[in-house]
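Enquirer: Required output: the full structure, derived from the provided sequences and hints.
Each protein sequence line maps, in turn, to chains V and W. In case it helps, the numbering used here puts the first sequence at residues 1170 to 1439. In case it helps, the numbering used here puts the second sequence at residues 885 to 982.
Just so you know, these hints were derived from the structure itself, not from any lab. Misleading hints may appear alongside valid ones.
No more than 25 angstroms apart at the CA atoms, straight line, and that leaves these computed lysine to aspartate or glutamate pairs for DMTMM-like [to be verified]:
(1) V/K1245 to W/E913
(2) V/K1247 to W/E932
(3) V/K1332 to V/E1172
(4) V/K1247 to W/E904
(5) V/K1245 to W/E932
(6) V/K1245 to W/E946
(7) V/K1202 to V/E1277
(8) W/K936 to W/E959
(9) V/K1247 to W/D941
(10) V/K1369 to V/E1418
(11) V/K1247 to W/E946
(12) V/K1245 to V/D1284
(13) V/K1332 to V/E1295
(14) V/K1245 to W/D941
(15) V/K1247 to W/E913
(16) W/K936 to V/E1236
(17) V/K1245 to W/E943
(18) V/K1180 to V/E1375
(19) V/K1268 to V/D1250
(20) W/K936 to V/D1246
(21) V/K1247 to W/E943
(22) V/K1180 to V/D1361
(23) V/K1247 to W/E929
(24) V/K1296 to V/D1340
(25) V/K1245 to W/E952
(26) V/K1247 to W/E966
(27) V/K1247 to V/D1281
(28) V/K1202 to W/E904
(29) V/K1245 to W/E966
(30) W/K936 to V/D1250
(31) V/K1268 to V/E1337
(32) V/K1296 to V/E1172
(33) V/K1201 to V/E1277
(34) V/K1245 to W/E929
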Amino acid sequence: MTEIIVVTSGKGGVGKTTTSASLAVGLAQRGKKVAVIDFDVGLRNLDLIMGCERRVVYDFVNVIQGECSLRQALIKDKRIDTLFILAASQTRDKDALSKEGVERVLNELADDGFDYIICDSPAGIEKGAALAMYFADRAVVVVNPEVSSVRDSDRILGLLASKTRRAERGDGAVEQHLLLTRYSPDRVAGGDMMGVEDVKDILGIEVLGVVPESSGVLTASNAGVPVILDAESAAGQAYADAVARLCGETVTMRFIDAQKKGLFARIFGS
Amino acid sequence: MGLFDFLRSRPRGSATVATERLRIIVAQERAQSGRPDYLPLLRRELLEVIRKYVNIDPEAIEISVEREGNQDVLELSVALPEKGVAAPATDATPASDA
Ligand SMILES: Nc1ncnc2c1ncn2[C@@H]1O[C@H](COP(=O)(O)OP(=O)(O)O)[C@@H](O)[C@H]1O
Ligand SMILES: [Mg+2]
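Expert: Right, here's the structure in full:
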């Protein structure tokens, strides 16, 4: 059975693409057959984060418009055999996507035996974002511990509950997961940033993971290597934990408590 | 590496990789949006033709249009795979190795 997971948020720049790339890699590393699709038509970015920008020949819109086959447009990842990327078009606009077209592509992926389809949503609540979530079975709502991000996410939760295929058919709700990113335990401890529990209470959904603010994310995007592949970085480890939870494992939350500074750090700063 | 190389102000970190990647992709996209709009299609069709003979990766093709004097010149370069093995004409679809 194919599971369609949308990575969404409402607000831009919160970490959706970073998250989509790492979840896709993490699931594929477990032997699952995974396709990750960039829905941000006109502003593609997933190809850069995945490091395959120079291998894009055909894109999602080409497939939808029948200008090439799905097989021709899927880019096979060079690191993991079971991972495929479908890039967004850089030259068209979001109206090039249609509900029927998207459905056809998703059905074809399902027929091809994909276990997971990760849909990297654009920001906003317009067509691209609406289509990215429409067919989802599960949603990973990416939130930064910051007022506008939390409010926008709540808006998205409302749409997930009403404007999706599952909602329209009464097939049961889209399973909702909260992923808190760019989290700074020190600032939470200092009272400057909302904590996990605060955000969880406000939104009322289960927490899939907490990804700390980490310099590894920039290094990873510079190199075109999803941060989950950097086992040294805190963000990479946090994403690996989130993937485990997505697969039903119970993993204790890490990176949520402020570092107790050792003597060395206290003397020399950190 | 010299003993004091680490003191140099700008180490070659991942930012250098980012700069190089962006230089290539931005140049490619500008070339595509700037002038002839048949370039992406030309790139695809070339890829398909070349693949009948040699199994190359999409990133092996570089196309650009440069202004030289008063005429536009189409520059095309194709890096062949290391051993230059000819791939069978059949089954060389992009998804198989793209
Ligand atoms: N955990 C993190 N730590 C530090 N920077 C992050 C983290 N997650 C994302 N970023 C940065 O935030 C910016 C937006 O991320 P991106 O994934 O492109 O967001 P979106 O797809 O939601 O617009 C990028 O510059 C990215 O490197
Ligand atoms: Mg994005």
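Enquirer: Against the structure, test the hints numbered earlier, and report the numbers of the ones violated in rising order.
Expert: Those not satisfied are hints 19, 25 and 28.
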